[in-house]
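So you can see what is in the structure, the chains are spelled out below.
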Amino acid sequence: MNARAELPLHAPGTQTDKGYIGQSVPRPNAKRLLQGRGAFVDDLRFPRLAHVVFFRSPYAHAKVKKLDLTKAVRQPGVIACFDGRAVAEYCTPWVAVLAHLKGIKSPPQYAIAIERACWQGEAIAAIVADTREQGEDALAHVEAEWEELPVVTEMEDALSNRYVIHPDLGDNICFKRELDTGAVDDAFKQADVVVEETFGFGRHTGVCMETRSILADYNAADHSLTVYHATQAPHMMQDIFSRHLGIPEANVRVICKDVGGSYGIKVHVYPDEMATAAISVILRRPVKFVADRLESFLTDIHAREHRAKVRLACRKDGQILAFDLDDLTAIGPYSVYPRTSGIEGNQVVNLTGGPYTHQQYRAKMHVVFTNKNVTCQYRAVGHPIAAALTEGIVDLAAAKLGMDPAEFRRRNLIADDAYPYTFPSGIKFERLSHHKTLDKLLALMDYKKLRAEQAALRKKNVYRGIGLAAIIEVTGPSPAFYGVGGARISAQDGATLRLEPTGMVTCIGSVTEQGQGTEGIFAQIAASAVGVTMDKVRVITGDTGVTPYGGGTWASRGAAIGGEAVLQAGRTLRSNILDVAAVILNMDKGELDIVNNEVVNKLTLESKLPLVELGRIAYFRPDTLPPKFQSELTVTRHYTPREYGFSFTNGIHASYLEVDVDTGFVKLLKHWAVDDSGTVINPMLVDEQVRGGVVQGIGAALFEECVYDETGQLLNGNMADYLVPMSGEMPDIIVGHVETPTKQSQLGAKGAGEAGTAGAPAAVMNAINDALAPLGARVTVQPFTPERILKALGKA
Amino acid sequence: MDTTIEATVTVNGTPVTRHVPARQHLIDFLRDAVGLTGSHIGCEQGVCGACTVRVDGEIVRGCLMLAVQADGRNVDTIEGLSDSGELAELQKAFHEHNALQCGFCTPGMLMAAQDLVRTKPEASREKIREHISGNYCRCTGYHAIVDAVQEVIEKRQGGRR
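Sequences listed follow chains A and B, in order.
Counting from 1, one number per residue, gives the positions in the first sequence under the working numbering.
Counting from 1001, one number per residue, gives the positions in the second sequence under the working numbering.
Everything labelled a hint here was simulated from the structure, so no lab data went into it.
Check each hint, because a few of them may be wrong.
[What the hints assert, rightly or not] Pairs of lysine to any residue residues, derived as SDA-like cross-links and limited to a Cα-Cα distance of at most 20 Å, are as follows:
#	chain 1	residue 1	chain 2	residue 2
1	A	K667	B	S1084
2	A	K31	B	D1147
3	B	K1092	A	N718
4	A	K667	B	E1126
5	A	K428	A	N346
6	B	K1127	A	S24
7	A	K31	B	S1084
8	A	K440	A	G200
9	A	K670	B	G1085
10	A	K670	B	T1003
11	A	K667	B	E1130
12	B	K1092	A	R37
13	A	K31	B	P1015
14	B	K1092	A	G200
15	B	K1092	A	P26
16	A	K31	B	E1086
17	A	K65	A	G200
18	B	K1092	A	M726
19	A	K459	A	K440
20	A	K670	B	R1125
21	A	K667	B	K1127
22	A	K364	A	G200
23	A	K670	B	E1126
24	A	K670	B	S1084
25	A	K31	B	D1083
26	B	K1127	A	G200
27	A	K31	B	S1124
28	A	K31	B	E1126
29	A	K667	B	E1151
30	B	K1092	A	N346
[What the hints assert, rightly or not] Which residues of chain B face chain A? A few of them, derived with a C-beta cut under 8 Å, are:
#	residue
31	A1022
32	A1050
33	L1066
34	V1068
35	D1071
36	G1072
37	N1074
38	T1077
39	S1082
40	G1085
What you are looking at is a predicted structure, and each value in this text was computed from that prediction instead of being measured.
For glycine and all other residues, C-beta sits at the position ideal for the given N, C-alpha and C.
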């Protein structure tokens, strides 16, 4: 039977092979995780393994007057202690700037701070011991004397340059950007309606269940370093370890076994991790650092601290004429290496207003240094800010016009036949489907019925709200994201497919797996492209010593870029297998195909040669083949998107919730998301990416904030005080898909991993404000805590 | 600080005798002394549930119980309950619903889910959500986990009828 032919053709318009593409196949690699038989960094056991712990600054900004490690080094089990200077001899500092972010600046950052700490939690010494417990015990014996320095915690204070954190830089401005299409003031003059609002966003963080983890193993004999690392970008880290530790690139191997969540948190260079690698070199033995949860809150990148004023001009009929944005964001004392901390604000400028047809846009954005933990790219980078600014002000405009928010959006969303399209910020859309996703969402949620229910309940003093949020999303980036700015971060990815002698297929890919299902979809694509069943495919990722070179996992690129490399390698391998079959069978290659692990007659589907037999001959009896014929059953292909800087996707969310106007508590009733991520390779995995993303977005909207006091102390840096969404508070999340494949690739896939996080906060905000509208109250500062809602209601 | 006490803990049916530091938590004992790394450490303050194991039939936080407190008791971990087949139904449902992504919280989540399936075999969707609210998952958004647990409960109810 031709199993492939039985399956429906998927995603019309793409050139994907049939088979498993579009099927909700469970992930083969999930089984070991379900039995507790995964291998996270902290699960690895090494002989002579030393454990490193860090002595961290208790102050947000202070000079180290004295640092005495002599008592600490004498404690039981302690192997060595290092200050910043000692580690700097083995690890050079870095400066996180990119050439295409014009004017961005940051001071040199060392693996361990020298002389001065610039945020609470910055490491100023390392203790290495036989056990983690012994290292932690010895921390109490570090003697440090400090001179406190002025602390800058507020963004406006930083912008005023009242006190400059890094005098050498001249001011506190890391990066600024302005954009103006030229006729914004005219548009506002011509407008019938102008609305303005200032929105605030709390700084929050990723809270990966597996904390940051690294095990570095230096081999002095061959001057090589093997690093077991919970990272999203092993090749990027290979390059960085090589350059900053002075070890030839080919002598550095980065291995990612199982990684316990990342969401952008694990794609950056962390000073304590660089110090761990350097210490392994110094001590010539394996050294491990696993952040504890308190260290994670103090030092994992934070994100999203913004305050932004946005204005919108529109006509009576609802047509939006212009957006005007002024955004301010604070990033802590350093731009984070190597991606910089300028990208998030840059994205806010690029994306605000993105779904709509207005032609006039002005934006001003400042990124400033403060004495809090650093911020950088966390899942959906800038999108949740841009979406909340856009969709918050759009709802305000609709309300002022007395127009239904869904109708207001319908009048302004870019038409589905208007592509290719260039948005006033300069970003280019290959093809989006705003109207299709809007229609699908409204049908999925039964919008009219829900509005009727809401109105009926309001009469009974039940305050329910419906919030919509349309988004655009950057996925599958070309080198335009980082490479053009000089960062040694690969935008291309590769895949090697090998037919094994038993007819199995090994697929080795450069995109990594953190649970999103990369290995699962690679198996689906490889099986479909070659013509084998999925049980015949094994996938290997996450090892720079083994895989092709690639970027790894970030910016929703795994399926779009890595998946395409697998598809192209698979198609070529299929062709190469048929070359061998044609020779063995003495038939024309064009008469043959591969179906269900067998070479078949293409027309009759009659079995001609099982792959297990083909493999036997090709590998063990090539002497029986014509003398000049050499089989090539290992194929590597790479892929880089080139036609567009980014594969933009679109989507729309809706939140339905109830506000208790006496307590300020929000009860989420349901959430819907309809996204267009191009060809859907595995609907179940895409649904789960969206759902997980939505819940992280809900966390931002309702619970999560890294709260600092005026002295720069983090007040809630532990899991009990920093609230993340729990199952009891979360709604069911209904996910729908529209598929507009990108024509850049044969696979047609775009990214899906960040859509949920991008849209959910705006939808929740709009729903809360919709619920509060009859009471004349409104909230604009995330997270929308009960206290903030009660304040808005005049009750607190 | 290095005072040790001899303790015999029956881990997944096998007695294990070790000199354990008095301050050592059960989770560190299981991971470091016994080498069972399936139960994970997420917060070390009893909040996240990643270290959930079973002691004498009750689920506990491995980071809130000292190893010496487990002296003379039976401890079941994800590895043991996987091998015995006790979790097979839940594991299959989790797999089919993709009720895990990175898998770090999953062993603890399965422990909590199995506790519910055993003790409240009629639990509603809301009850399931409530019961696993002591286990953080940062990847899935919980929906698929709830689906998976609900499927197991409903199948068993169907089987009893």
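Hint check results:
1. K667(A) with S1084(B): Violated - the C-alpha atoms of S1084(B) and K667(A) are around 40 Å apart, more than 20 Å.
2. K31(A) with D1147(B): 18 Å, holds
3. K1092(B) with N718(A): Cα-Cα ~33 Å, so violated.
4. K667(A) with E1126(B): 13 Å, holds
5. K428(A) with N346(A): 15 Å, holds
6. K1127(B) with S24(A): Given that 20 Å is the threshold and the Cα spacing comes to 28 Å, the pair is violated.
7. K31(A) with S1084(B): 16 Å, holds
8. K440(A) with G200(A): This hinted pair is violated, its Cα atoms lying about 31 Å apart.
9. K670(A) with G1085(B): 35 Å, violated
10. K670(A) with T1003(B): Violated, because 53 Å separates the two Cα atoms, which is more than 20 Å.
11. K667(A) with E1130(B): 14 Å, holds
12. K1092(B) with R37(A): Roughly 15 Å separates the two Cα atoms, so the pair holds.
13. K31(A) with P1015(B): Cα-Cα ~28 Å, so violated.
14. K1092(B) with G200(A): Judged against 20 Å, a Cα distance of about 44 Å means the pair is violated.
15. K1092(B) with P26(A): Between K1092(B) and P26(A) the Cα gap is close to 10 Å, so the pair holds against 20 Å.
16. K31(A) with E1086(B): Satisfied, since the Cα-Cα distance of roughly 15 Å is no more than 20 Å.
17. K65(A) with G200(A): 38 Å, violated
18. K1092(B) with M726(A): At roughly 23 Å apart (the allowed maximum being 20 Å), M726(A) and K1092(B) break the hint.
19. K459(A) with K440(A): Not OK: K459(A) and K440(A) at ~29 Å, beyond 20 Å, violated.
20. K670(A) with R1125(B): Roughly 14 Å between the alpha carbons, so the hint for K670(A) and R1125(B) holds.
21. K667(A) with K1127(B): With a Cα-Cα distance of about 16 Å, the restraint between K667(A) and K1127(B) holds, given a limit of 20 Å.
22. K364(A) with G200(A): At roughly 16 Å apart (the allowed maximum being 20 Å), G200(A) and K364(A) satisfy the hint.
23. K670(A) with E1126(B): Distance of about 13 Å is within 20 Å: holds.
24. K670(A) with S1084(B): Violated, at about 38 Å.
25. K31(A) with D1083(B): 13 Å, holds
26. K1127(B) with G200(A): 35 Å, violated
27. K31(A) with S1124(B): 27 Å, violated
28. K31(A) with E1126(B): Outside the cut-off at roughly 27 Å; violated.
29. K667(A) with E1151(B): 25 Å, violated
30. K1092(B) with N346(A): Given that 20 Å is the threshold and the Cα spacing comes to 44 Å, the pair is violated.
31. A1022: 12 Å, violated
32. A1050: 6 Å, holds
33. L1066: Violated. Min distance 14 Å.
34. V1068: Because about 15 Å separates V1068(B) from the closest Cβ in chain A, which is outside the 8 Å limit, the hint is violated.
35. D1071: Violated, about 20 Å.
36. G1072: This interface hint is violated because 24 Å lies over the 8 Å limit.
37. N1074: 18 Å, violated
38. T1077: Hint holds; T1077(B) Cβ to chain A Cβ min 7 Å, cut 8 Å.
39. S1082: 4 Å, holds
40. G1085: 11 Å, violated
Consistency note: the structure conflicts with the earlier hints numbered 1, 3, 6, 8, 9, 10, 13, 14, 17, 18, 19, 24, 26, 27, 28, 29, 30, 31, 33, 34, 35, 36, 37 and 40.
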